[in-house]
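Chains D and R, in that order, are what the protein sequence lines are. Numbering that gives the first Met the number 0 applies: residue 0 is where the first sequence begins, and numbers increase by one. Numbering that gives the first Met the number 0 applies: residue 0 is where the second sequence begins, and numbers increase by one.
Note that these hints are calculated values from the structure, not bench results. Backbone N, C-alpha and C fix where the C-beta goes; we use that ideal spot for every residue, glycine too. Worth double-checking, as some hints may not be accurate.
[As the list claims (entries may be wrong)] The following label-pair restraints were derived from C-beta to C-beta distances: (1) R:E285 with D:I178: 29 to 35 angstroms; (2) R:G105 with D:F162: 41 to 47 angstroms; (3) R:E334 with D:M45: 43 to 49 angstroms; (4) R:P142 with D:T82: 35 to 41 angstroms; (5) R:E285 with D:G121: 56 to 62 angstroms; (6) D:L33 with R:P40: 53 to 59 angstroms; (7) D:F162 with R:E205: 33 to 39 angstroms; (8) R:T144 with D:F71: 42 to 48 angstroms; (9) D:M133 with R:E85: 33 to 39 angstroms; (10) R:G355 with D:Q157: 44 to 50 angstroms; (11) D:I296 with R:D220: 55 to 61 angstroms; (12) R:P142 with D:P37: 53 to 59 angstroms; (13) R:R464 with D:L303: 48 to 54 angstroms.
Below are the chains, spelled out letter by letter.
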Amino acid sequence: MAATDTTAERGGAPAARGFNPVAWALAPERRGGLLVAPAIITLFVMNIFPLMWSLGLSFFNYRANRLTVPDFVWFRNFERVLTDDDVWERFQTTAIVVGSSVALQLVIGFALALLFAKSFPGRRILLMLVLTPMMLSFVAVGVFFKLFYEPTFGLVSQAVAIFTGEPFVVLSTPTGALIGIIVADAWMWSPFVMLLVLAGLVSVPKYLYEAAEIDRANWWRRFRTITFPYIKGLLLLAVLFRTIETFKLFDIVYLITQGGPGSSTETIAVYVYRMAFQYFRTSQASALAYIVLFVVIVLTSLYLYAVRRTSEAR
Amino acid sequence: MPTRTLALLGTASALAIAALAGPAPAVAEDIVLNMAAPDWPPTRFMQEEADRSYTAPSGNNVRLQIDFIPWPSFYERVAASLTSGEQKYQMLVTDSQWLGSFIEGGYYMDLTGLIAEDEELQAIMQDLHPALVSAYSTYPHIPVTELQEYPDPNANYYGFPQMPDTYVTWYREDLFCNETESADFEAEYGAPLPCTYEDWEDVDWERFDQIGTFFRRSAGDALGDGTADDEFYGIAYQAGKGYDFSTMQINAFIWQYGGSIWDESTEPEGQAEGVVNSDVAVEAFEHYLSMLEHMPPAWQTGQMDIFQIQELYLQGKVAAIINWVGLAEPVLDPETSTVSEVSAFARAPGLRQEDGSISRWANIGGQPFVLTTWNSDTVVREALDFVKWWESEEVQKKFAANGGQSGLRSVMELPEYNDYRPWNRAHVESLDWQKDVWHIPEFFELLTQQQEEFDKAITGQIDAREALDEVAEFQQEVLEDAGRIE
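Work out the full structure, taking the sequences as your base and the hints as a guide.
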């Protein structure tokens with residue numbers, strides 16, 4: 000009798016009272032699955048299905064603004080995209096933006112973290128202010144910098160004009176425009192790097208610094224042998240996050256330069272957008288998006304490889 | 000009289016009264032006409048006026064519900080809605096250039112047959128300015144020079160004007176009518192500054208260029224009756240990389256020079272190479288580029304779009320600009336404009352021809368509104384009734400009195416029409432000079448590449464010849480792929 004009760008409680012085989020579907024579904028061995036089901040369903044509907052659908056599209060010659068029945072074209076879209084000079088030019092631009100912006104974010108983020116690792120009056124308020132940019136929306140930052148760089152009444156132009164007497168046009172050359180975008184992106188995301196590095200810095204045991212001081216180790220030695228090993232993992236994480244995010248940079252570029260002058264600041268994300276929603280080459284855009292995804296996966300794998308090697312070296 | 004007989008008589012009387020009152024649905028349906036439209040005064044007025052005074056003649060409870068979308072994301076939102084298949088809208092305000100793309104996609108409804116069955120709609124089509132019928136309604140596109148009065152047997156009709164638009168000159172009367180400035184200008188260029196509308200009728204690009212040079216002032220320089228408190232510029236026109244913000248102005252130069260863009264009405268024989276990059280097109284483009292140096296430096300960044308030049312003018316930083324009349328309303332508002340009391344309007348300059356006349360070909364702006372293909376018969380009937388209401392003389396007069404523009408010739412010819420707004424005369428007189436850019440599904444592809452190449456030339460990375468060669472080569476390839484060029 001006792002055994003029968005236990006089975007019924009678990010929602011297992013129906014007891015003499017009859018089958019209870021609620022009890023059956025909530026049985027401990029099924030409860031886990033039931034709890035994660037909403038997340039899995041949402042993930043499937045919002046991510047996996049569209050991902051699979053766009054993968055399928057990339058093998059057809061489908062255009063969203065045509066009624067013609069699309070043909071299966073195998074890998075022709077991938078071939079066209081990979082042999083398109085414009086695509087490689089955009090990858091090159093993206094690489095320059097990623098390399099420069101992430102490097103700048105690391106330098107500024109690191110410097111800020113060193114500053115905020117020590118106590119000083121007003122530190123909390125200042126820290127909050129420094130963190131503000133990363134909390135703003137991309138659109139707000141884009142519009143802000145667009146006005147900031149505006150040559151007639153923008154702050155940068157007005158400030159430079161005090162010394163030169165001439166309006167300063169930051170975005171008039173490809174190099175200037177690239178710098179403008181890199182600065183805007185670095186301004187927004189350096190606080191994120193700072194936050195990660197700061198977390199690493201405060202985790203360094205104080206006694207290590209005290210021991211180093213007794214040994215009269217200089218600043219560089221202390222940094223190289225104590226500080227850096229502690230923050231290396233977090234720094235790599237910051238590099239990974241920022242590289243992936245910057246690789247997909249769209250909003251800031253679109254708002255500040257629209258990819259110009261010409262196409263000199265058009266990143267690969269902007270080009271995917273143009274291909275999908277302006278050129279309406281839907282299938283080619285899907286193929287290009289998958290290539291971008293592949294590049295991001297490769298970058299992530301490289302990071303994981305680097306982390307593993309670091310762990311093994313320890 | 001027995002009670003039963005009384006009841007029967009009452010019912011019969013009620014039925015007779017109902018029959019005399021005219022046809023009415025047995026039960027009034029609630030119908031909402033969802034419409035996608037850009038968020039700006041002409042569409043806001045449409046919503047307000049519909050809420051205020053529209054009653055469906057069918058007796059149904061028909062309500063217009065406009066989904067106001069900001070201009071910068073308007074195309075993306077419309078394209079996403081249509082191509083996703085959500086079938087949200089019964090009507091849409093659309094740029095004329097999108098017709099091909101969304102008609103070929105099966106989203107916009109062919110109204111040719113419905114117009115042919117309805118005398119009121121036919122009357123509207125006959126009353127509309129032909130430039131608007133050509134640009135806003137026909138697909139495949141029939142150029143205004145070839146379009147016959149309604150009904151053109153070769154035309155398929157799709158849209159009706161929501162807000163016709165043209166670009167005109169906005170200028171500062173306090174500067175152009177200033178005696179000292181005018182005398183100085185005359186001493187330098189041999190003619191006084193254009194002050195009145197009639198004076199501006201004789202302004203060609205050469206004079207406009209001189210105005211640009213003349214009014215370039217630095218902070219502290221004399222300007223009109225005072226001094227410039229900041230850098231001041233003579234002229235401005237569209238030179239932006241976004242959307243169509245340089246193409247609209249460059250097309251005007253090319254047409255005025257006698258050149259051509261790729262002409263969709265000539266397919267499949269009409270070529271892009273040799274036409275788009277012809278010598279005359281290059282000369283026209285060089286002329287356009289040569290005047291940029293007199294403009295506020297935003298052109299160097301490829302950001303001199305219609306909103307930027309509007310803003311610069313409102314801030315009092317430019318003497319004269321060329322911009323759409325649809326954006327002129329804030330000029331009159333002292334809360335948004337520093338030049339509300341001193342602004343006047345004239346037709347845009349053009350190219351002086353050998354016979355002394357001025358060619359003023361320009362690219363038409365504004366938008367039609369269309370019906371979507373998934374509407375039920377009832378909704379189509381209600382939507383067309385709404386079109387008749389909107390294009391009625393009474394509503395169009397109210398629209399014009401509130402800053403809109405009518406496409407109906409009968410309304411534009413009213414004596415009071417030009418008094419509704421100070422730019423109306425310039426707009427009406429510009430309409431005969433309007434052409435339109437392509438309407439084909441490849442429109443955005445052609446436009447985006449062209450804007451990029453134009454932007455390179457504007458920002459000095461390449462010259463006019465290189466830019467047009469690149470444009471021609473790209474267009475030839477795309478149009479050959481699409482089967483539009485043999």
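Consistency of the hints with the structure:
1. R:E285 with D:I178: 29 to 35 angstroms: The hint (29 to 35 angstroms, Cβ to Cβ) holds, given that E285 (chain R) and I178 (chain D) are roughly 30 angstroms apart.
2. R:G105 with D:F162: 41 to 47 angstroms: Cβ of G105 (chain R) to Cβ of F162 (chain D): about 60 angstroms, so the range 41 to 47 angstroms is violated.
3. R:E334 with D:M45: 43 to 49 angstroms: 44 angstroms, holds
4. R:P142 with D:T82: 35 to 41 angstroms: 37 angstroms, holds
5. R:E285 with D:G121: 56 to 62 angstroms: This hint holds: roughly 58 angstroms between Cβ atoms.
6. D:L33 with R:P40: 53 to 59 angstroms: The hinted range 53 to 59 angstroms holds for L33 (chain D) and P40 (chain R), with Cβ atoms some 54 angstroms apart.
7. D:F162 with R:E205: 33 to 39 angstroms: Holds: the Cβ-Cβ distance is about 37 angstroms, inside 33 to 39 angstroms.
8. R:T144 with D:F71: 42 to 48 angstroms: 44 angstroms, holds
9. D:M133 with R:E85: 33 to 39 angstroms: About 34 angstroms separates the Cβ atoms of M133 (chain D) and E85 (chain R), which means 33 to 39 angstroms holds.
10. R:G355 with D:Q157: 44 to 50 angstroms: 45 angstroms, holds
11. D:I296 with R:D220: 55 to 61 angstroms: 60 angstroms, holds
12. R:P142 with D:P37: 53 to 59 angstroms: At roughly 58 angstroms between Cβ atoms, P37 (chain D) and P142 (chain R) fall inside 53 to 59 angstroms, so the hint holds.
13. R:R464 with D:L303: 48 to 54 angstroms: Holds, at about 51 angstroms.
Hint 2 from the list above is the single one not met by this structure.
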